[in-house]
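Colleague: Given only the sequences and the hints, what does the whole structure look like? Please build it.
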Amino acid sequence: MSKTAVQESVADVPSLRGVFITAMPDCLLFDSWTHPDETWVPEDAASYFGDVIRANREGLKSLKAWSSEMQVTIESAQVLLVLKELRDFVVTLAFERDVPLGMVRLHTKRVLERLNNVLPKLEATERPRGVRITEFLERYAPDAHAVLQRVSLRTGIPIALLRSPDRLDANQTNLLEESVKDILGLDTLSL
Amino acid sequence: MDESCDDDDEPVRLEARGVVLERETGCARWLRWSVHLVDRSADDVARALPEKGHENTSRLPGLALFVLPGRHQLLLVPATGRIQLRLDIGVPHEDRAGEALRLGRWLAAQLGG
Amino acid sequence: MSTPAAPSLRTYIPNYDLMNYGGIPTVYHCHHFNLFLDQTIDDALGPDEGTKLRFIAAREASHHFIRALVTRAGALTPAERLEVAQRTFAGMGHGRLQVSGDRAGGTATGEFLHYGFSWAEKYGQKVRRRKPADAFAAGYAAAALEVAQSLERETMSAEETTCIATRAPQCTFTLKPGPQAKAVVPVREPDVRARVKPTFASATGEDTISAIAKGLRDFTAPVAGDERGLVQAFGVYVTLHLAGYYNRISYDALAHVVANKPALVPMLEDLLRESGHVCVFNTFGGILASPEWEAMVGKHSGDPQAIILGNLAIARALGFGHWTLAEYQPNERVVLRAPATYESVYYLTRHGASDRPSEYFFQGAALAIAQLAHRIDWRQKPSLTQDFYNSLFKGGTLPWKVEQTSCTACGHEYSEVVATRVG
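Read top to bottom, the protein sequences are chains A, W and S.
Take the first sequence: its position 145, counted from the start at 1, is 144 in numbering that gives the first Met the number 0, and no numbers get skipped.
Take the second sequence: its position 111, counted from the start at 1, is 110 in numbering that gives the first Met the number 0, and no numbers get skipped.
Take the third sequence: its position 29, counted from the start at 1, is 28 in numbering that gives the first Met the number 0, and no numbers get skipped.
Just so you know, the hints here were simulated from the structure itself, not pulled from any lab data.
Be a bit skeptical, because a hint or two may be false.
Straight-line C-alpha distance at most 30 angstroms; calculated DSSO-like pairs for lysine-lysine [as the list claims (entries may be wrong)]:
| hint | chain 1 | residue 1 | chain 2 | residue 2 |
| --- | --- | --- | --- | --- |
| 1 | A | Lys180 | S | Lys121 |
| 2 | S | Lys213 | S | Lys380 |
| 3 | S | Lys125 | S | Lys380 |
| 4 | A | Lys60 | A | Lys120 |
| 5 | S | Lys380 | S | Lys196 |
| 6 | S | Lys51 | A | Lys180 |
| 7 | S | Lys125 | A | Lys180 |
| 8 | S | Lys51 | S | Lys196 |
| 9 | S | Lys400 | S | Lys121 |
| 10 | A | Lys180 | S | Lys260 |
| 11 | S | Lys298 | S | Lys181 |
| 12 | S | Lys130 | S | Lys181 |
| 13 | A | Lys180 | A | Lys108 |
| 14 | S | Lys181 | S | Lys121 |
| 15 | S | Lys130 | S | Lys175 |
| 16 | A | Lys180 | S | Lys130 |
| 17 | S | Lys125 | A | Lys63 |
| 18 | S | Lys196 | S | Lys213 |
| 19 | S | Lys380 | S | Lys121 |
| 20 | S | Lys298 | S | Lys213 |
| 21 | A | Lys60 | S | Lys125 |
Computed Cβ-Cβ distance ranges for the label pairs, DEER-style [claimed, not checked]:
| hint | chain 1 | residue 1 | chain 2 | residue 2 | range |
| --- | --- | --- | --- | --- | --- |
| 22 | S | Tyr11 | A | Pro35 | 56 to 64 angstroms |
| 23 | S | Lys213 | W | Glu21 | 26 to 34 angstroms |
| 24 | S | Glu326 | W | Lys51 | 23 to 31 angstroms |
| 25 | S | Arg374 | A | Arg126 | 30 to 38 angstroms |
| 26 | A | Pro119 | S | Gly301 | 46 to 54 angstroms |
Computed footprint of chain S on chain W; a stretch qualifies when at least three of its residues, placed anywhere within it, have a C-beta under 8 angstroms from a C-beta of chain S [unchecked claim]:
| hint | segment |
| --- | --- |
| 27 | 24–35 |
| 28 | 68–78 |
| 29 | 83–90 |
What you are looking at is a predicted structure, and each value in this text was computed from that prediction instead of being measured.
Even glycine gets a Cβ: it sits at the ideal position worked out from N, Cα and C.
Modeller: Here it is as structure tokens:
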């Protein structure tokens, strides 16, 4: 999808600072637009937005409160983010902080309608679980530079294999997953 | 002012009248701050604080060290003009930026700013 | 008011820069090293066996240490002996530990315990920890009760039952008698002195290194734990720690992996090296960036060799050994040598000659020194953030590698590590 199409989708929203389109389930950046004054690196942010939506979905499901209309709004000191699932994507809109919430919702609805018309239908080929687990680990592990060595030491899986996690067999993937849960202190991984 | 301590890696700058604080990186998060005073030097500070009853407890020639209430420290290198504020590690993460700014304002006030 | 750690008990073996406290080998280390090393041991052995080894090592090293201290202090009663042990623990920067009990066991509580407190500080907002962190304090508490009650060495067990690193409100321990551990060869100052090789000067910059090291030692001599048992100098929080603890957990874990999972030995060695790398990068880097350094040594000139010499001075002051610069080719090669390190003297005393170079901290440190000298512009305000640290490993590896080419633990005349630029 061309940058022009994304830009056109947001052209008349002056309070918008950025748009990030994350392809699910792999949480990969699909496309983006950021305001010329921003120094954001879309690739850095996109995968986290996918994780947020996924965790939110699971949390709401546990409360039996999930619906496909779910939308996440995050207010920080500098920016207001709205995250919403749109077919095989998570769309994140970053607004200036002082935009009234009512206007934010209006702009969001409008932009999503436009994006819905231009976003392609993805062939959702889910990547191997081992790949998604290692990417999740490298996103969230402290001391990320050494974490694969740690996993290798814990599990006995050779480091070369951990660097090509698409080649892990089912048993190794399970070992990897347990190790990652231990390292991150999680009971489950939201993948 | 963003008081989040989750992001160690972005520059953080706090401003009050007469003083600017910039976060320095260190062993523990959000504890070290460069202090830049408007129209005042490290020498001015090293002279003014003892006049206000604060003792220079440094054992190192060329370094002035003032221990502030709450175990915070103010370090001055008059020869180079450097001023560093060190917060005590006991300050909760979410309060560190606010505490730094409070001390910056206090320092400016000590200098008549 | 600070908790004095009886600074006069801190000594250095002349010309070797190996530190002892009350006649027991000690070094200064920061929480980066302490946490990463403990974590590595648990990764290698599993959390249960890892915790057990860390406790055993702490108890063994602490028993000899506390016994030496109470003897020097002339402390005779259980209360006096516990007071000496607890006051020293705090003075060394390990936090506050209160031990109570008798020959049948007891309890202990801790505040600002180094491992749990610094783990919460460094990692607590990022990950959840499931197991207590203070095996060292557990071992120290057990040893304190043993010595206080004149029990045989290593007959008291201790378990940390709550820990602030797992988000409990405080750290608590239960102590009870257990089977005595198998005796191992003690490593004390006379053993260290007997194992060092003839010393030598740095091929370059010896006067500079010596002068800075002396200044650092003089400055840190009276530094001791505050009321909370925390030690801060140069803006860095450090512990005065027992070299025997570090060495035992490292080499016992290595022996276990060699015997049971030999294919994983390179991983463990990598992580032992990384413990040294992360420590030196952060701690030495923090010292170099401090106002104290600026006052003592002056502003940085931008000369990488000056950074290397400064790092060697820091290493000597912290008790790591008489590290020297044997060879330096800017941006290509850094060769460090030492007549002994705190690792090699332990290994020789306890295990005899090693069949492989095994001074992992020295190796990791050399790598970090090469990074600090060549990848940071010290004339600007360096930003030693976690992001920057991670960025050193672009593509998963560093652009420098290190090899230990000579090792006094193998019986060689000096220990040598060579850091070279790759690619």
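Colleague: Now look at each hint and say whether the structure bears it out.
Modeller: Against the structure, the hints come out as follows:
{"no.": "1", "hint": "Lys180(A) - Lys121(S)", "result": "19 angstroms, holds"}
{"no.": "2", "hint": "Lys213(S) - Lys380(S)", "result": "26 angstroms, holds"}
{"no.": "3", "hint": "Lys125(S) - Lys380(S)", "result": "27 angstroms, holds"}
{"no.": "4", "hint": "Lys60(A) - Lys120(A)", "result": "26 angstroms, holds"}
{"no.": "5", "hint": "Lys380(S) - Lys196(S)", "result": "40 angstroms, violated"}
{"no.": "6", "hint": "Lys51(S) - Lys180(A)", "result": "22 angstroms, holds"}
{"no.": "7", "hint": "Lys125(S) - Lys180(A)", "result": "13 angstroms, holds"}
{"no.": "8", "hint": "Lys51(S) - Lys196(S)", "result": "34 angstroms, violated"}
{"no.": "9", "hint": "Lys400(S) - Lys121(S)", "result": "27 angstroms, holds"}
{"no.": "10", "hint": "Lys180(A) - Lys260(S)", "result": "23 angstroms, holds"}
{"no.": "11", "hint": "Lys298(S) - Lys181(S)", "result": "52 angstroms, violated"}
{"no.": "12", "hint": "Lys130(S) - Lys181(S)", "result": "26 angstroms, holds"}
{"no.": "13", "hint": "Lys180(A) - Lys108(A)", "result": "37 angstroms, violated"}
{"no.": "14", "hint": "Lys181(S) - Lys121(S)", "result": "36 angstroms, violated"}
{"no.": "15", "hint": "Lys130(S) - Lys175(S)", "result": "20 angstroms, holds"}
{"no.": "16", "hint": "Lys180(A) - Lys130(S)", "result": "14 angstroms, holds"}
{"no.": "17", "hint": "Lys125(S) - Lys63(A)", "result": "28 angstroms, holds"}
{"no.": "18", "hint": "Lys196(S) - Lys213(S)", "result": "22 angstroms, holds"}
{"no.": "19", "hint": "Lys380(S) - Lys121(S)", "result": "22 angstroms, holds"}
{"no.": "20", "hint": "Lys298(S) - Lys213(S)", "result": "19 angstroms, holds"}
{"no.": "21", "hint": "Lys60(A) - Lys125(S)", "result": "24 angstroms, holds"}
{"no.": "22", "hint": "Tyr11(S) - Pro35(A): 56 to 64 angstroms", "result": "59 angstroms, holds"}
{"no.": "23", "hint": "Lys213(S) - Glu21(W): 26 to 34 angstroms", "result": "33 angstroms, holds"}
{"no.": "24", "hint": "Glu326(S) - Lys51(W): 23 to 31 angstroms", "result": "53 angstroms, violated"}
{"no.": "25", "hint": "Arg374(S) - Arg126(A): 30 to 38 angstroms", "result": "34 angstroms, holds"}
{"no.": "26", "hint": "Pro119(A) - Gly301(S): 46 to 54 angstroms", "result": "52 angstroms, holds"}
{"no.": "27", "hint": "24–35", "result": "holds (count 8)"}
{"no.": "28", "hint": "68–78", "result": "holds (count 5)"}
{"no.": "29", "hint": "83–90", "result": "holds (count 4)"}
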